[in-house]
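**Student:** Spelled out, the chains give:
Number of protein chains: 2
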Amino acid sequence: MVGKSNDENNTGSGVPAGIPEMGEIVGYKLRRAQLFVFQDFIETFEKMKLRPAEFSVLALIARTPGQKQTEIAEQLGIKRANFVALMDSLERRGLAERRKAEGDKRSHSLHLTPEGTQFVDKMSTVWRTHEERLVERLGGPEARATLLDLLGRLLGEKPA
Amino acid sequence: MVGKSNDENNTGSGVPAGIPEMGEIVGYKLRRAQLFVFQDFIETFEKMKLRPAEFSVLALIARTPGQKQTEIAEQLGIKRANFVALMDSLERRGLAERRKAEGDKRSHSLHLTPEGTQFVDKMSTVWRTHEERLVERLGGPEARATLLDLLGRLLGEKPA
DNA sequence: TATTGTTATACTCTATAACTATA
DNA sequence: TATAGTTATAGAGTATAACAATA
Chain H
53 MVGKSNDENN TGSGVPAGIP EMGEIVGYKL RRAQLFVFQD FIETFEKMKL RPAEFSVLAL
113 IARTPGQKQT EIAEQLGIKR ANFVALMDSL ERRGLAERRK AEGDKRSHSL HLTPEGTQFV
173 DKMSTVWRTH EERLVERLGG PEARATLLDL LGRLLGEKPA
Chain G
53 MVGKSNDENN TGSGVPAGIP EMGEIVGYKL RRAQLFVFQD FIETFEKMKL RPAEFSVLAL
113 IARTPGQKQT EIAEQLGIKR ANFVALMDSL ERRGLAERRK AEGDKRSHSL HLTPEGTQFV
173 DKMSTVWRTH EERLVERLGG PEARATLLDL LGRLLGEKPA
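Those protein sequence lines, which keep their order, are chains H and G.
If you're matching positions, the first sequence starts at 53 in our numbering and goes up one per residue.
If you're matching positions, the second sequence starts at 53 in our numbering and goes up one per residue.
Be careful, since some hints might not be right.
Straight-line C-alpha distance at most 30 angstroms; calculated DSSO-like pairs for lysine-lysine [what the hints assert, rightly or not]:
| # | chain 1 | residue 1 | chain 2 | residue 2 |
| --- | --- | --- | --- | --- |
| 1 | H | K131 | G | K120 |
| 2 | H | K131 | H | K99 |
| 3 | G | K131 | H | K99 |
| 4 | H | K131 | G | K174 |
| 5 | G | K99 | G | K157 |
| 6 | G | K131 | H | K131 |
| 7 | H | K101 | G | K131 |
Just some of the chain H residues that point at chain G, by a computed CB distance under 8 angstroms [unchecked claim]:
| # | residue |
| --- | --- |
| 8 | E73 |
| 9 | A85 |
| 10 | G191 |
| 11 | R196 |
None of these hints come from the bench; they were simulated from the model.
Every residue gets a Cβ at the ideal spot worked out from N, C-alpha and C, and that includes glycine.
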């Protein structure tokens with residue numbers, strides 16, 4: 053299924069032994085692929101002026117409204133200090149808002165505005181065109197499912 | 053083989069329709085996995101004080117000595133302006149060196165020093181322990197080969 | 001004119017410490 | 001004392017423009 057080109061196969065060519073080729077380094081290829089996918093994402097959302105981090109924050113708020121900043125930030129691996137400016141921007145654009153939480157007066161509960169809800173609908177539709185482009189490159193939906201599974205394994209997720 | 057949990061399967065639960073779940077977003081999961089792998093890489097090479105970019109530069113020079121800066125930088129997707137400091141550092145550490153190229157007096161040809169060659173040997177051995185850790189997480193060498201193949205497809209590489 | 005290496009600079013992401021107001 | 005949000009700041013990584021030497 054896959055072309056393996058390990059250095060073990062070397063005969064007497066001029067290639068140094070033991071030194072990895074870039075194409076067989078998981079971290080390197082992962083990085084290049086991630087940059088490629090983000091590039092496509094950024095171009096896809098250029099008109100909507102939406103960055104990957106903003107997309108993910110809006111998606112999380114849309115799916116589970118009312119969570120506080122620290123909760124959203126933690127799920128995305130964003131430091132709460134860095135989350136502030138991000139949320140400020142979404143609030144200034146009128147897409148999301150901080151509300152005073154009921155019980156705990158320290159925390160803010162995050163919600164979409166009506167405009168934000170509309171924006172997220174459009175965003176989700178546009179995202180699908182981006183994702184579909186990736187599926188085509190991968191060679192079909194099964195390949196995408198396999199990729200998500202393998203990435204999940206790296207991240208230590210429980211297999212379904 | 054893979055647990056698919058698309059939103060199409062939603063019945064009357066309270067989950068908003070059409071909004072992607074983070075776990076099904078290729079770019080997001082790719083990013084998280086890349087960060088995880090780089091974190092392991094950085095910890096693995098903490099004692100050798102080696103960053104991913106430095107690793108890749110040394111590996112390329114080791115495998116193909118004599119290339120000029122622009123060539124190495126371009127292969128790695130690094131802007132030639134940003135490559136300068138990187139190469140300065142490797143040179144200050146005595147691992148690699150710039151030599152005046154024969155024909156073209158503008159360009160430098162890049163080589164490892166003897167210490168650099170020794171360093172790259174050690175580096176390659178250490179890298180294998182890191183890569184082996186990833187293989188275990190993925191579930192075996194075949195899974196790694198499949199992952200490299202899928203990432204290669206995203207990058208538009210020719211199938212073997 | 002074009003290219004190689006270089007400097008300077010700016011912008012985004014990320015990380016840490018410290019403050020405030022609440023708990 | 002500890003936590004949520006915030007501010008300030010510093011460090012990577014990355015991007016562009018412009019320059020000198022050479023082609």
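**Student:** Determine for every hint whether it applies to the structure shown.
**Tutor:** Going down the list of hints, with the structure as the test:
1. As the CA atoms of H/K131 and G/K120 are separated by approximately 40 angstroms, the hinted pair breaks the 30 angstroms bound.
2. With a C-alpha separation of about 27 angstroms, the suggested pair H/K131 and H/K99 falls inside the 30 angstroms cut-off, and the hint holds.
3. For the suggested pair G/K131 and H/K99, the alpha carbons sit about 26 angstroms apart, so the restraint of at most 30 angstroms is met.
4. Between H/K131 and G/K174, the direct Cα distance comes to roughly 35 angstroms. Violation of the 30 angstroms bound is thereby established for this hinted pair.
5. Between G/K99 and G/K157 the CA atoms are separated by roughly 37 angstroms; this puts the pair beyond 30 angstroms, and the hint is violated.
6. For the proposed pair G/K131 and H/K131, the alpha carbon gap of about 29 angstroms is at most 30 angstroms, so the pair holds.
7. Among the hinted pairs, H/K101 with G/K131 is consistent with the structure: their alpha-carbon atoms are about 25 angstroms apart, no more than 30 angstroms.
8. Annotation: interface hint on H/E73 holds; nearest CB of chain G at approximately 7 angstroms, less than 8 angstroms.
9. A hinted interface residue such as H/A85 counts as satisfied when its beta carbon comes closer than 8 angstroms to some beta carbon of chain G; here the least separation is about 4 angstroms, so the hint holds.
10. Because the closest C-beta pair between H/G191 and chain G is about 6 angstroms apart, less than 8 angstroms, the hint holds.
11. Interface hint at H/R196: satisfied, since its Cβ lies 6 angstroms from the closest Cβ of chain G, which is below the 8 angstroms cut-off.
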